Amino acid sequence: MSATDGIALVDQHCHGVLTRDVDSEEFGTGLAEAQSAGNRDRFQSLLGLAVRRWCAPVLDLPPHSPPEDYLARRSALGWREVTERLLAAAGVEHWLLDTGYAVDTSPAELAELGGGTGHEVLRVEQVAERLAARADSPAALLDRFRAELHERAQDAVALKSVLAYRSGLDLPGDQPTDDQARHAAGDWLRAGGEQLTDPVLHAWVVHEAARVSAEQRLPLQFHTGFGDADLHLHQVDPLRLTHFLRSTQDTGATVVLLHCWPYHRHAAYLAHVYDHVYVDTGLMIPFVGTRAGGVLAETLEVAPFESLLYSSDGNVLPELHHLAAALWRHHLGRLLDTWLADDVLDTNTAERLAHAAGAGNATRLHPRLASRTKH
Amino acid sequence: MSATDGIALVDQHCHGVLTRDVDSEEFGTGLAEAQSAGNRDRFQSLLGLAVRRWCAPVLDLPPHSPPEDYLARRSALGWREVTERLLAAAGVEHWLLDTGYAVDTSPAELAELGGGTGHEVLRVEQVAERLAARADSPAALLDRFRAELHERAQDAVALKSVLAYRSGLDLPGDQPTDDQARHAAGDWLRAGGEQLTDPVLHAWVVHEAARVSAEQRLPLQFHTGFGDADLHLHQVDPLRLTHFLRSTQDTGATVVLLHCWPYHRHAAYLAHVYDHVYVDTGLMIPFVGTRAGGVLAETLEVAPFESLLYSSDGNVLPELHHLAAALWRHHLGRLLDTWLADDVLDTNTAERLAHAAGAGNATRLHPRLASRTKH
Amino acid sequence: MSATDGIALVDQHCHGVLTRDVDSEEFGTGLAEAQSAGNRDRFQSLLGLAVRRWCAPVLDLPPHSPPEDYLARRSALGWREVTERLLAAAGVEHWLLDTGYAVDTSPAELAELGGGTGHEVLRVEQVAERLAARADSPAALLDRFRAELHERAQDAVALKSVLAYRSGLDLPGDQPTDDQARHAAGDWLRAGGEQLTDPVLHAWVVHEAARVSAEQRLPLQFHTGFGDADLHLHQVDPLRLTHFLRSTQDTGATVVLLHCWPYHRHAAYLAHVYDHVYVDTGLMIPFVGTRAGGVLAETLEVAPFESLLYSSDGNVLPELHHLAAALWRHHLGRLLDTWLADDVLDTNTAERLAHAAGAGNATRLHPRLASRTKH
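Protein chains in written order, with the UniProt record's numbering: chain A, 1 to 375; chain B, 1 to 375; chain C, 1 to 375.
To be clear, the hints were calculated from the coordinates, so they are not data collected in a lab.
All values reported here derive from a predicted model rather than from experimental measurement.
Check before you lean on any hint, since a few could be wrong.
To spell it out: a stretch of chain C is covered by chain B in this simulated footprint if at least three of its residues, at any positions, have a beta carbon under 8 Å from a beta carbon of chain B; those stretches are [claimed, not checked]:
id: 1; segment: 107–116
id: 2; segment: 190–202
id: 3; segment: 225–234
id: 4; segment: 289–303
By construction, the Cβ of each residue, glycine as well, lies at the ideal position given by its N, Cα and C atoms.
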């Protein structure tokens, strides 16, 4: 019995799953942060090993079953049965879905498949981009963005920015002026108003989101670190948010650093020196497989235990939602067992740490979760 | 019996302790590299666990005593008794105090509380800032700085720069000319001559310190890496000193990289390629608690054993001075025991490594220690 | 019996050895990535411990023999006997020699000393620099470089760039135009045409090499990360190649990231998102000694197993060629044993991983190896 057993998790950042069967190529693509499965056998990775070790038994196969057997069994059961089994076995109470990617399933639909309750994480860039398609003028776009963000945030439990995938995380501490933002918005609209990439307008948008975070007590999540080939890893070190974190630290806003690897020590440092910063230890876990314990240990070096959050970043394949939970329980549990054996802490403290990291901190950070839970 | 037992340590970089009782909020602040205890329970961290595990028994409490019990016991004993016990149990022979921060205790006073001998580490920025308050002209300021640094260094055992906290570590390889420095000093004096932040003048000052380091055979310490919210972690990677290290490598100057985490591998690399560079493995140890072994192991990957130094960076709370020593002994000892069990080295070599890292290298690097020891 | 036993390795990046006896100072220099042995005892390092532990028995000495004994035995046996023993015990089938450094031995000569087959890795900068010495005009230089690179590549099994040691790895995604290259070449020739350091011309040269890589199916190797004091570690993070990797990903070129430490996680990330990128886990292994397992584990976090390559970067001293193999076998074997014990994978998969990393991936990546092997 380890300290992580039985915790009803808050998966505070994930996406929907595909609601259809996939072939082996699509499955391989889902196992890589790459735009296609490419030429490589994606099962030949720590993530691939983890699928065979942890997911196969959920589908009634022996651990380490060959990839072909796993994929055949997956097809035989059908996507719905596979998804229901994998999600249910994750033991998640709240699914917080970024609805900006992998949108086959809404938060409610994912919860129906996996048990627990679904909630929306609102991607702020998408609010801006949808408005741009029908904006009359730059000034009207900014006004409407402010109003719509405020309004749509009422229905969400968190905000999310993908700044990392656009201009990188070098966000200025001061919000650009409305004049600067209007100017940038004008250029954007003239260019067609598709993907938001202008760094000035983007910074203005993110600072608006920080204001809503403060006003409505919603955390603002940032993708940082590991991601697909669309980003430049150098540009997404969470330390690049330092000026922004300084300027928001006394406003009431809260900031969640997602993913973080290989900059998880940097993220932990930011959570150490800024009380409004939280560090997400969940995302990388499925990808690094059995190395999850090592990555968690490095994160814990300076991260306040009260700043730790769990998530899966699961998307497309429910294996990711499942593995994050299974590996988090196994490896954090084992790390705590080792520390108990080494007399580093006592049992009560180990249990408190595990519960805080898996659910307690997220529940405190998202006051709306309690009021929006199904009964 | 491990290789680190019984070594009389040289704590080659620490600060004074408070000479009064503290309340729980002040204690919490002391456990964080943050400007206030903030909203977080600072005992909920690996450092907090280490206090409960290692310091509680020194105060006659069981290991893992609850924070309330620890703080109550601390109050009951009073600051002096607590300080004397914790410092004495650290087993330190030489305390090298940076007198620029946490100044309640002088080097002699700390040594009186903790046993051993106290020595001054002279903070070069403070020399400049005190002179600026009463400088007649920029030219006079530079002249007096040179003279005073030279003179005050005679009484110190090391120099220290906090460049990291000002403009960051991007130090040019060449010293700015006196003309450039005078120009910058003029601006500074006109602006009030308070904190030294001008990068040109600061670079000039640090190069002067490097000259004194060479002339008087005193090491020049740099804060690098982990620190509070006043610094930008990106700017304090020790690799940013590369040009400076190249230009000083044949001058007789010696450079100590303090703290280093999360850039301890970078610091170890610099010590590998530059013979006048030393890497301090002590500072982070109290903060990362039970992860000290992991951080030490990473540092040892390429650091020459002869470049390793011990310090605590202890300040305000004597718990930090104590924990650095206790954790260093425990975790380096354990790492060496593991390596002995794995047939990586023999016992003699393990003992030699431990002694070099804890005392021998520091003694060789600071020739003045021997002549200034109390008998 | 571990999964790495008995694998006939492909050492896909090494250099020649000295064909004469060395004194203790030269030996010390060979143990450091520094330009001289300096003041430090280079045996006092994890690499030094590894020499005593792993090489001493090959010379009939007990493990952990003192350095003096090791050097005395080395002298008594003579360089040829020492070299033959150490290389043979490495168990290498193919030696891929970068002939641009440590040139006492040709690929064939190394193979004659150590068994197996030697092959040339062509250093592209050297092609340009040799031509510059006798170029008639900038335009002629570029033409001849193109022709000679194409021709000499026919005899090589891989190309190699030392861009890291010149302007750093900030390589543009687009090749500079021939006009720009001619202009830069003109400046270079007027300045004497010695070492290629101009970033524009260098970028042009490397893009030419990428074209040959695609046309002739030869991998293009880059020095990244750890190296001697000639490089600035900040400038050689493999992530700086991101734009170049994006632009070459669909051309048929293949890229090998050599050395990588302390940026091995970055290199692994690049291999994860770009299918034409390979990550070399061999180089750092002799230097980090017993920490090889830790570095390998970090690399494996996200690196596709199919992207892993072995090398020694051995040069000057055959101890390095030997230690890379001995430590790779021991520590990767041990890591896999631990994972087997922890039920992370099955035996077949462990063996497949070990074989892929030690030989299989390199054989697939270098189709010419098969056809050029002695029988």
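Going through the hints against the structure:
no., hint, result
1, 107–116, "violated (count 0)"
2, 190–202, "violated (count 0)"
3, 225–234, "holds (count 6)"
4, 289–303, "holds (count 5)"
When each numbered hint is compared with the structure, violations occur for hints 1, 2.
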